[in-house]
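**Q** Each chain is listed here by its residues.
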Amino acid sequence: MIALQARRSRRVERLALFGLRIAAGFVIVAMAALLLYLGFEGTKTFSADRVSLSAFLFSPVFGVDLGQPGSEVFVLGSLAVTFFAIAVGGPFGVAVGIFLAEIAPHRMTSVLKPAIELMVGIPSVVYGWLGLTLLVPLIRTHTSSPSGFGLAAAGIVLSIMILPTVITLSEDAFRSLPAALKEGSLALGATRWQTITRVLLPSASSGIAVALILGIARAIGETLAIQMVIGNATQIPRSLFAPTATLTTEIVTDMPGAAQGSLLEHSLFSMALLLLMMAMVLIVLVRFALRKRR
Amino acid sequence: MNRTSARAALLLIAALASTSLAACSSQTQNASGGGTSSAGASANGTITVAGSTAMLPLVKDASAAYQDAHKDVKISVSGGGSATGVTQVAAKAIDIGDSDILAVGHPELRDNRVAVVGFAVVTNPSAGVKNLSRKQLQDVFAGNVANWSAVGGADQKVVIVNRPRSSGTRAVFAKTIMGSMPISESGLVQDATGTAVSVVKQTPGAVSYVALSAISNGVTIVAVDGVTPAPDTIASGKYPIWSYEHMYTYGEPQGNVAAFIDFVKNGTDRVQKNKFIAITAMKVTETDR
Numbered sequence: 001m002i003a004l005q006a007r008r009s010r011r012v013e014r015l016a017l018f019g020l021r022i023a024a025g026f027v028i029v030a031m032a033a034l035l036l037y038l039g040f041e042g043t044k045t046f047s048a049d050r051v052s053l054s055a056f057l058f059s060p061v062f063g064v065d066l067g068q069p070g071s072e073v074f075v076l077g078s079l080a081v082t083f084f085a086i087a088v089g090g091p092f093g094v095a096v097g098i099f100l101a102e103i104a105p106h107r108m109t110s111v112l113k114p115a116i117e118l119m120v121g122i123p124s125v126v127y128g129w130l131g132l133t134l135l136v137p138l139i140r141t142h143t144s145s146p147s148g149f150g151l152a153a154a155g156i157v158l159s160i161m162i163l164p165t166v167i168t169l170s171e172d173a174f175r176s177l178p179a180a181l182k183e184g185s186l187a188l189g190a191t192r193w194q195t196i197t198r199v200l201l202p203s204a205s206s207g208i209a210v211a212l213i214l215g216i217a218r219a220i221g222e223t224l225a226i227q228m229v230i231g232n233a234t235q236i237p238r239s240l241f242a243p244t245a246t247l248t249t250e251i252v253t254d255m256p257g258a259a260q261g262s263l264l265e266h267s268l269f270s271m272a273l274l275l276l277m278m279a280m281v282l283i284v285l286v287r288f289a290l291r292k293r294r
Numbered sequence: 295m296n297r298t299s300a301r302a303a304l305l306l307i308a309a310l311a312s313t314s315l316a317a318c319s320s321q322t323q324n325a326s327g328g329g330t331s332s333a334g335a336s337a338n339g340t341i342t343v344a345g346s347t348a349m350l351p352l353v354k355d356a357s358a359a360y361q362d363a364h365k366d367v368k369i370s371v372s373g374g375g376s377a378t379g380v381t382q383v384a385a386k387a388i389d390i391g392d393s394d395i396l397a398v399g400h401p402e403l404r405d406n407r408v409a410v411v412g413f414a415v416v417t418n419p420s421a422g423v424k425n426l427s428r429k430q431l432q433d434v435f436a437g438n439v440a441n442w443s444a445v446g447g448a449d450q451k452v453v454i455v456n457r458p459r460s461s462g463t464r465a466v467f468a469k470t471i472m473g474s475m476p477i478s479e480s481g482l483v484q485d486a487t488g489t490a491v492s493v494v495k496q497t498p499g500a501v502s503y504v505a506l507s508a509i510s511n512g513v514t515i516v517a518v519d520g521v522t523p524a525p526d527t528i529a530s531g532k533y534p535i536w537s538y539e540h541m542y543t544y545g546e547p548q549g550n551v552a553a554f555i556d557f558v559k560n561g562t563d564r565v566q567k568n569k570f571i572a573i574t575a576m577k578v579t580e581t582d583r
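Going down the list, the protein sequences come from chains L and G.
The first sequence: position 52 = 52 (the working numbering), numbered continuously.
The second sequence: position 156 = 450 (the working numbering), numbered continuously.
Quick caveat, the hints were computed from the structure, so don't treat them as lab data.
We put the beta carbon where it would ideally sit given N, CA and C, even for glycine.
One or more hints might be untrue.
Stated by the list, open to error - A few chain G residues that don't get close to chain L, going by computed Cβ distances all over 12 Å:
id, residue
1, 354
2, 365
3, 430
4, 483
5, 486
6, 500
7, 511
8, 512
9, 546
10, 569
Stated by the list, open to error - Below, a sample of chain G positions facing chain L; criterion: calculated Cβ distance under 7 Å:
id, residue
11, 381
12, 453
13, 473
14, 499
Construct all of the structure, not just a fragment, from the sequences and the given hints.
**A** Written out as structure tokens, the structure reads:
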């Protein structure tokens, strides 16, 4: 009886382990396939169409008809909206994270936490739609921008969209600090604000760095919401309120009409590859920040 | 600490997924043609049609009527854009590829012209212009005119609303009005005819070019050199912005495919009802322009 049970549990164990290995293997295969495919398609611009890498990266003219697609506008656009989002949403998100971890009474946390989780759950098309119907007319009537579409509208929408990421991760960074740090500081007579700025904030810095980097990753990959409000003009914006485009918005705007095997399709794939490489750099940065903490 | 890194990884994956999704869906679109037969092969059964969204209302209307008359034939119609239609039919993935523009570089495709579509320049009423010369239109869309007052309109900034590079509508406008002058890149880009119209409606000083069939109230239709876009001015060749609607087939169309194309072309009442112009009504050809 006991032997039978032991044998059965061994079989269950083997089966379960097999299942887990399959699942893990599938993730690796899927990721490798994606990388290979994107790498293959994304380099055709340079191999088959003979576009030089420097022209592709640094030319502001997306001259597909002339055989010279330059993606500088889109790279700059992606960097600009991301910078805007992290400059506005970053400090704000960290502040809310500190508040949740250190200051907010329990009852308040129990309301705020689900609210923030809800923010993650709102689809990006809804953010874009709200931006289009509320923010764009607001910018149009209150600034010199004739259309309201542009960098500022996209940046503000993105700032809001990265908040939940930054808030949750910076709150976690504070909560994972040893209690002795805070208690010790308070016991030495430091005020709550002194404790936060002089003791807790420096100790949680690498965790906050992770929060900000992942906020950036979220911002750089966002597509639909920005496409609806940024205006999608292939120009380097002269002001915050001028329309421009990002790598993601350009891909989604020109993708439906890009004929298979055309230079347009190849350059869009190259931009996708560029985005993937940016994301990879961010992953490396996250790992680096986490390792430093240990 | 572990909890943080696990959550960090999860969020990063989410960010990555949204990025890669954009790249992947172009593949899905290419695969969405569905059918497998070439133009001649489907003697009866299913006809698959895809391509131009400007043609969609007409083709859908015609396919419903055709299926009512021929119970043994099933027609599946989808959009995707002119470029998609041409690519799909050239790959023999569909029977008919709809396009607003000529399929250059596809000698294997047979060009079946079924109707003519007119395009209008539309502005937000605040621009205060009712008529523009071709030269003025070129200047406006090249980005040389900052304010409508420079071309006889109100004191209102010009906001150009473009269609994407691969749009058939944009190609027709560029060919018939702009000639060799490039369209300004500083304009907004809206990826569908419908959204272009609604942005023009909402934005003071906005201007765009759209198919006649897509125009609704709330925008001003601008006459070109004093000629208003209408079926008769297009048919007589007085109004310049129009193009043929092509139903491309791989090789000579046969059987039901040929019958359906003729059905679309010869249903002149249906063509007019959907605000297109019948080929037979045209007194000029594309080369006269």
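**Q** Would the hint on residue 499/G stand, with a C-beta cut-off of 7 Å toward chain L?
**A** holds (6 Å)
**Q** Does the claim that residue 486/G lies off the interface hold, with its Cβ farther than 12 Å from every Cβ of chain L?
**A** violated (9 Å)
**Q** Does residue 473/G pass the interface hint, meaning its C-beta sits closer than 7 Å to a C-beta of chain L?
**A** violated (14 Å)
**Q** Was residue 569/G rightly flagged as not at the interface, with every chain L Cβ beyond 12 Å?
**A** holds (23 Å)
**Q** In terms of Cβ atoms, is chain L entirely out of 12 Å range of residue 500/G?
**A** violated (7 Å)
**Q** Would you check whether the claim that residue 546/G is not at the interface survives, using Cβ distances to chain L and the 12 Å cut-off?
**A** holds (23 Å)
**Q** When you look at the beta carbon of residue 483/G, is every beta carbon of chain L farther off than 12 Å?
**A** violated (4 Å)
**Q** At a threshold of 7 Å, is the proposed contact between residue 453/G and chain L supported by beta-carbon distances?
**A** holds (5 Å)
**Q** If you take the shortest Cβ to Cβ gap from residue 381/G to chain L, is it below 7 Å?
**A** holds (5 Å)
**Q** Using Cβ atoms and 12 Å as the threshold, tell me whether residue 511/G really stays out of contact range of chain L.
**A** holds (20 Å)
**Q** May I ask you to check that residue 512/G keeps its beta-carbon over 12 Å from the closest beta-carbon of chain L?
**A** holds (15 Å)
**Q** Far enough from chain L: is every CB of that chain over 12 Å from the CB of residue 365/G?
**A** holds (34 Å)
Figure legend: structure checked against the earlier numbered hints; hints not met, in rising order: 4, 5, 6, 13.
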